[in-house]
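There are 2 protein chains.
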Amino acid sequence: MIKPALPKGTRDFAPDAVRKRQYLFQTIRTCFELFGFEPIETPAMENLSTLLGKYGEEGDKLIFRILNNGNILPLAQQAKDNRELANLLCEKALRYDLTIPFARYVVMNQHQVVFPFRRYQIQPVWRADRPQKGRYREFFQCDADIVGSHSLLNEVELIRLYQLVFSRLSLRVSIRINHRKFLQALAECCGNPSWMPVITTALDKLDKTSMQQVEAELQEKGLPEHALHLIREYMDLSTQPADNRLQSVLELLKHHPAAAEAVKDVSFVIEQLKNTPSAWASVDVDFTLARGLDYYTGLILEVKSLEAEMGSLGGGGRYDNLTGLFGLPGVPGVGISFGVERIYDVMESLQRFPASTGMATQVLWLRMDDALLTQVLQYAMELRQEGIATEVYPDAVKMDKQLKYADKKGIPLVLMLGSREYARQMVAMKDLRSGVQTEVPLDRLKETIQLQLAVR
Amino acid sequence: MIKPALPKGTRDFAPDAVRKRQYLFQTIRTCFELFGFEPIETPAMENLSTLLGKYGEEGDKLIFRILNNGNILPLAQQAKDNRELANLLCEKALRYDLTIPFARYVVMNQHQVVFPFRRYQIQPVWRADRPQKGRYREFFQCDADIVGSHSLLNEVELIRLYQLVFSRLSLRVSIRINHRKFLQALAECCGNPSWMPVITTALDKLDKTSMQQVEAELQEKGLPEHALHLIREYMDLSTQPADNRLQSVLELLKHHPAAAEAVKDVSFVIEQLKNTPSAWASVDVDFTLARGLDYYTGLILEVKSLEAEMGSLGGGGRYDNLTGLFGLPGVPGVGISFGVERIYDVMESLQRFPASTGMATQVLWLRMDDALLTQVLQYAMELRQEGIATEVYPDAVKMDKQLKYADKKGIPLVLMLGSREYARQMVAMKDLRSGVQTEVPLDRLKETIQLQLAVR
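The listed protein sequences correspond, in order, to chains F and E. So in the numbering used here, the last spot in the first sequence is 456, and the numbers never skip. So in the numbering used here, the last spot in the second sequence is 456, and the numbers never skip.
Hints were generated in silico from the structure; no laboratory data involved. One thing to keep in mind: the hints can contain errors.
[Unchecked claim] The list that follows gives simulated cross-link-like pairs (lysine-lysine, BS3-like), each with its CA atoms no further than 27 Å apart: (1) Lys8/F with Lys61/E; (2) Lys3/F with Lys54/E; (3) Lys80/E with Lys80/F; (4) Lys446/F with Lys274/E; (5) Lys20/F with Lys20/E; (6) Lys3/E with Lys61/F; (7) Lys8/F with Lys54/E.
[Unchecked claim] Reference listing, derived: stretches of chain F covered by chain E, where coverage requires no fewer than 3 residues with Cβ under 8 Å from a Cβ of chain E: (8) 89–101; (9) 194–208; (10) 352–358.
[What the hints assert, rightly or not] If you anchor each label on the Cβ, the simulated ranges turn out as follows: (11) Thr438/E with Gln375/F: 48 to 58 Å; (12) Asp400/E with Asn275/F: 44 to 54 Å; (13) Arg433/F with Asp12/E: 39 to 49 Å; (14) Met399/E with Gln378/F: 38 to 48 Å; (15) Gln450/F with Ser267/E: 57 to 67 Å; (16) Leu228/F with Met399/E: 45 to 55 Å; (17) Thr30/E with Gln240/F: 47 to 57 Å; (18) Phe115/F with Gly311/E: 33 to 43 Å; (19) Ala279/F with Asn109/E: 35 to 45 Å; (20) Thr448/F with Asp400/E: 58 to 68 Å.
Every residue, glycine too, gets a C-beta built ideally from N, C-alpha and C.
Next comes chain F alone, as it looks inside the complex:
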């Protein structure tokens, strides 16, 4: 007998957690649809060739590969090293994110898709990361992208989408925005455009480390003192009053054309948003925002909780050429994602989930007088037809045990039909929250239950 266990880094979800997750996904889904985004779904498995080389060397190692079925022994014996072996034995792998499958989808369906294509996707992904608190090997991603449009209106609308979602979830957040072209201009002003990835990578760590450590890293990478000085001043800009920042960055970066473009974009977005400020999600320009070494080329953004210590709850930005990877160049795009696993954790720790998510059982008929079983089953069915979640206790056991079941499951109302009540066309109803028991006419049962359920 094997003692059953879960693979490390994976989780079961009990009913309460599933209901809360569904509430979270449904809230986001509704907002996506209010903005005209359409759902697509892609398979869990992709061809290995679709995924390899898209996530960097480290990413490739974290892809879960699926063993080919059939005779693999001869292949295994001819492999010379680990990587060759893995590639010989596997031609499929589990989805690592939703972005690459989306790019593949757009290319494969380019003649059916209506551009600009607004798509959303909420599905699990799998990564062979070392599991730790809050990091799992199976987790959901939740993305909305618009491809086929250069317009900055998309950026404005995606920020408004963030604002709508977080207000509906009652979470206070800050949305930081920046532009990749500031970083490009910064690298060029430092004297070498090829320093941009080095600077981006270093800045990206600012959340977790200090400015001093960022500088030390850049020094180590061989950046000269005058460059470090400029970068220090650049980092300091975000502490200035918001009104002056765009002017200051332009001066610091000597009116570099890329910086001027970035200022124009960011100004437009800020201008459009300032007329409808959100009480839940403020928007701030932060020149140190870097968003890792992604494929972003324009405006970038990131969301953080203002109430809980937690990594980013979402992020995104503009990219130029995602579908180029699969042979369809020149399709611009912009997208955001929601870190649903982290949002779940924040909502749980701040107790922001509504008291009732989803529909748990509202009414339990006890099993009492078996002469009336047929009637009980029929009344139960009528309540369900009216949208009232109803159970009939199946086994003929003691009342105590049946009531304990209702209590443990959190069922608020219990109904008992005995022959004496039935003779008078009544049924006994007990509210387990208050302990109060009453008699209800059978022909007023539905209305009485609905009223009673509305009482808190």
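Since chain F is already given, all that's left is putting chain E on it; use the hints.
Just chain E, lined up with the frame of chain F:
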């Protein structure tokens, strides 16, 4: 450049298909919850040891295994055969069904779970079957089970659950029921209890073959003439009038105790159901129903479309000892599943999906006068707050192109805000279904749109 492709047997789902699938899943989910079933979710990956040996030798071969990360080369070189190699290289695999993960869940959570435990689960599973029309390597299963109760009320309620779901989906079906104990009694009356699996397997093919072929198979397996004769009579019973069938089977099986028990169970279920016949789902006793070589021990059932040629749309039954596999014996259970992929196909072919499933974009603001862009974005946001799915066309392109977009996406209403209209606090609205264009006061916009959308 790789030409992108999908692994065979897998599918992308376009927006229209995702919306229809969500409608289907949501309908079933709502019915589950009306009956007090609670959702659980389990990970896509299970330990290989959890799955192996549970689905027969053929099943084991169809499990997708996940390659271990890390150094696999030395292991590969020491394997002597294919199976040993696969077991050395993989310790995880993809879920093959929802039943075994559910059994594992119950055993691992036996102290938290409230029994009788009513759970439902709607998740994908993966099988390395040869792909063919209607058979995929990734597909959804959709199960509801009650474990920890012996009561036949559960069977009655599960049949009513089927009736509720299929009536809400507007699909006419027949629910055939039978009892495993009839098959047990039949084997014993044939002279050998160990013939039960042989007889079950043969009867299970009756859907696809003829009675003659079933007999030929049984003859080949070595059953003597008197047994074949009895089985022929047994098969003929289901053509008799429904009223006499239970009496006839009891006589044919010589009042065998197992047959008597089965008659008692089936009579109870039929009796409870006859008071509330369903216009959508009839219930018929069919002694030839076998449900493959599953773990069932009591009442079994299967659903078929009365309108489309298609395999079963669902099935289930009572089992005795599912969790015994993982060390928790003595937990009885009964469950049903919905063949959601087939139900989807039937609904699609009979055009039973409602005209509007999910929320596609209802209103598109054209991009016209950029002096009014800020206003347009704000009006769009106000409509969304009212639950109207709204887009703003992002790019400043010709009206024709924008209208074509609306048309291709099936957006019914288009709004155009020009400076002349705006001066009078009006906006032009065109209904693309009728082609009619009107002017609407901006302060009556929401109500006008809601009215217009209600028109078909």
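Verification of the supplied hints:
1. Lys8/F with Lys61/E: At roughly 24 Å apart (the allowed maximum being 27 Å), Lys61/E and Lys8/F satisfy the hint.
2. Lys3/F with Lys54/E: holds (15 Å)
3. Lys80/E with Lys80/F: holds (18 Å)
4. Lys446/F with Lys274/E: holds (23 Å)
5. Lys20/F with Lys20/E: With a Cα-Cα distance of about 23 Å, the restraint between Lys20/F and Lys20/E holds, given a limit of 27 Å.
6. Lys3/E with Lys61/F: holds (23 Å)
7. Lys8/F with Lys54/E: holds (22 Å)
8. 89–101: With 5 residues in contact (Cβ-Cβ under 8 Å with chain E), the coverage given for the stretch 89–101 of chain F holds.
9. 194–208: Since three or more residues must qualify, the claim that chain E covers the stretch 194–208 of chain F is violated, with 0 doing so at under 8 Å.
10. 352–358: violated (count 1)
11. Thr438/E with Gln375/F: 48 to 58 Å: holds (56 Å)
12. Asp400/E with Asn275/F: 44 to 54 Å: Roughly 30 Å apart at Cβ, these two residues miss the hinted range, so it is violated.
13. Arg433/F with Asp12/E: 39 to 49 Å: holds (48 Å)
14. Met399/E with Gln378/F: 38 to 48 Å: violated (60 Å)
15. Gln450/F with Ser267/E: 57 to 67 Å: violated (36 Å)
16. Leu228/F with Met399/E: 45 to 55 Å: The hint (45 to 55 Å, Cβ to Cβ) holds, given that Leu228/F and Met399/E are roughly 53 Å apart.
17. Thr30/E with Gln240/F: 47 to 57 Å: holds (54 Å)
18. Phe115/F with Gly311/E: 33 to 43 Å: holds (39 Å)
19. Ala279/F with Asn109/E: 35 to 45 Å: holds (41 Å)
20. Thr448/F with Asp400/E: 58 to 68 Å: holds (60 Å)
Consistency note: the structure conflicts with the earlier hints numbered 9, 10, 12, 14 and 15.
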